[in-house]
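A.B. asks: Here are the chains, one letter per residue:
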Amino acid sequence: MRVSNQQQYDFFVQQMQAAQARYIAAQREVMTGKKFEYPSEDPAGSHTVNSAMALRARTEQLDRNLRGAKDYLGNSQNAFDELNDLVNKVNQIAVSGANSTYDQAARDAMAHQVSEIQDRIVYLANTVGSNGQYVFAGQMSSTKPFTSTPPNLTFNGDDNPINVEVRPNETMRVNLAGAGTFFTGLHSTLETLKNDLLSGNLSNVGDVDLKAVQSQLRDINAIRGDIGTRLQTVNALADQNQRRIDDLSLTISDVQDVDLSEAVTRMQSAQTAYTAALQVTALGQSLSLMDYMK
Amino acid sequence: MASPFGGINMMSYALRNFQAALQTSGHNVANVNTQGYSRQRVSFSVNEPLTMFTQGNLTSIGQGMHVSQISRIRDVFLDRNLATSNSNLNKFSTAAAGLHGIEEIYGEPGDLGITSAIGKFFDAWSGLGSNPSDQGARLQLRNAGQVLADRVRGAWQNMDRSLQDVDGQIQSTFTQIDDLAANIDRLNKAIRAASGQNANDLMDQRDTALRELSSLVNVNTETFADGTTAVYAAGFTVVDSAGTMPFPKTYDAATGTVSNGLVTSPVRGGKLAGLLIHSSELSNHMSRLDNLADTFRTQINTIHMTGQNSAGTTNVKFFNDVAVPPQTGAIDFDLDPQIVADIDNVMTGVSGNPGDGGLALSLAAVRDNPFASLGNKSFTTYLSEGVDTLASTIAYYGQAEDTETAVNQQIQNQVQAVSGVAIDDEMADLVKYQRSYQAAARTLNVMDQVLQDLIGMLNR
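Chains U and D, in that order, give the protein sequences.
In this text, residue positions in the first sequence follow our numbering: the first is 1, and each later residue adds one.
In this text, residue positions in the second sequence follow our numbering: the first is 1, and each later residue adds one.
Derived from the structure by calculation, the hints contain no laboratory data.
One or more of the hints may lead you astray.
If you only want the chain U side, here are some residues facing chain D, beta carbon under 8 Å, derived [as the list claims (entries may be wrong)]:
1) Arg2
2) Val3
3) Arg58
4) Arg64
5) Ala111
6) Gln113
7) Asn156
8) Asn163
9) Thr171
10) Ala236
11) Met293
Residues of chain U clear of chain D, computed beta-carbon distances all greater than 12 Å [as the list claims (entries may be wrong)]:
12) Glu82
13) Asn99
14) Thr281
Derived coverage of chain U by chain D (criterion: at least 3 residues anywhere in the stretch with Cβ under 8 Å from a Cβ of chain D; other residues may be distant) [claimed, not checked]:
15) 19-25
16) 136-150
Where is the CB? At the ideal position from N, CA and C, for every residue including glycine.
Using the sequences and the hints given, assemble the complete structure.
C.D. replies: Okay, structure coming up:
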């Protein structure tokens, strides 16, 4: 084959440029740590990365939602744990109050104790969550739900649900259903007990009142169980989400990230090739028939 | 009988012809770096011999040689291949680079893209719906809405700027085509005027101009007996033996055609074809963004307007949408002024209760809904469909460019192998012609001495 000077020159330039382009591409991989920068470099991979990133962001949001759910449920749980202690104490008071060995002065003291417990219950019924929202107010979350106007407790909230998106397009109710009825009912049970203690109606204290208090205790335990179950679900979902997020991160990394040691090796070999191209060019250009002519 | 001066004459011609050959080698060496130059070669032919009777026999005596022609070494077949390859290569590389620009505007994949903004927008609704009393979630939602609107609008504006830029490039390509056609016409006329003469260098220049033209637009040529060439660009005659005709200046990017009002013809190659592809893709993606923005406006606003905040305000739009001036498409996609003015105008429920997050949760669920205006796809799917298709198209043009580059280099190598100047060759030729010249001079000298001897004999 005939080789002209321009052809030789073009060939050297092409080879040098190609070697340089490969070298720079290898450098870019090492420096960015990414196999591709633009979708066109790997359309399928980029699609995977994009949908995995969207799903990861969504899961992270669900995870944040779960934190909100935990706030509601955790505050409810604390309130009901304390409520349980308080109503247990009321139960003891009712048992003792029905005992005829106590005199009226002792029963008056007991009635006073019940009254204090009532105040405490109103305080718990007005429990506030981390955003300043009233946990037992339904959707009227910025209104103080319970106001005490002796002898009654008034409910100012509603019974609408606070729903949290815990799974994609799936919600969970995190506030207590029927909170208004429950707290006003409990308050009035205690009100009756208090009045019977004050009036010395021992038969009512030992029978109807005690039964009513014990029924309230059972309700409280049922509610505690329900809240506990939902908290467990929320915790399980949070764990699941975390695993999901980790999996998705791994997928993204698998598709997008370079194996650094491999990339560095590739860069070194590209560098060697580039150096070789430069040297060959320098050598090839130095040969000429003119050197041998006089 | 030959004249005594015949030999001297013959050798003086030989000297002149070898000098012409040396001159041609020198011309080749001088043009070793000239783009489009084809090396030239001197062809020698034997002169008609002198025939005479000598001692009863018919004898021919050689009369030396003459330069029959100085030709350029050129393969017309390779030229045609190179023109086609140039057209393809420039179409592919212009399209690939242009579409890559659109891809850069999208900024996918990653946190800076529209996909991520859409995801965060709906995530924020989910967060707010799940925790309606959280002012932080409310702020985050408005921020996510603003980012979404900004990105869609920003991408549209960037594409609009690119579209104007591409139009400018198309217009300047039209001008370049006309300029090159004028140049070819000028060379055509010069070649015709020099017919029969040595027009090698003019033909090289015309070939270079044709090659440049073929990188702008797909070109056909036809060469006539008088040495002129007619040029057809994208099916339109731009140069013929009579002169030039202007290339049409009306184009339709969507169909990839140019039209002179009577005839519409597709542009199949060259930078112009690549620019038309770029322009049409830009329009396509801008209308996709318009669709996206309009669907967001309609779908989000319809639900949002049913909401009521704790102050009792209702009928609030989330994205701006007023009748006068009509707001359509991505160009003015933004939040509604009421939302910008007060974050409490972000609706979370229909009851007006501060803890009602039902509406926000239904807005979060819009994420996965398919919409007829988006070809029965969800927002994210519609967007990623556009980006994915674009990516595949770029990958296709990128690969086509790589392949065509290899083909082009191969043809150029062949062209250079045939037509390129090799200094070593020329040096060898120089030595050859130098020695020939020396030999001819020596012969002349001998003949002169013979003649001198003859004259000296006569003097005695």
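A.B. asks: Take the hints in turn and mark each one as holding or not.
C.D. replies: Tested hints:
1. Arg2: It holds, given that the least Cβ distance between Arg2/U and chain D is near 5 Å, below 8 Å.
2. Val3: holds (6 Å)
3. Arg58: holds (6 Å)
4. Arg64: holds (6 Å)
5. Ala111: Since the shortest Cβ distance to chain D is 36 Å, the answer is violated.
6. Gln113: With a minimum Cβ separation of about 34 Å from chain D (threshold 8 Å), the hint on Gln113/U is violated.
7. Asn156: Constraint on Asn156/U not satisfied, violated at 12 Å.
8. Asn163: Since the shortest Cβ distance to chain D is 6 Å, the answer is holds.
9. Thr171: Holds, about 6 Å.
10. Ala236: Violated. Min distance 17 Å.
11. Met293: holds (6 Å)
12. Glu82: Check passes; 23 Å lies beyond 12 Å.
13. Asn99: holds (45 Å)
14. Thr281: Per Cβ check, Thr281/U is outside 12 Å of chain D; nearest 16 Å; holds.
15. 19-25: violated (count 0)
16. 136-150: Result for this restraint: holds, n = 6.
In terms of the numbered hints stated before, the structure departs from hints 5, 6, 7, 10, 15, listed from lowest to highest.
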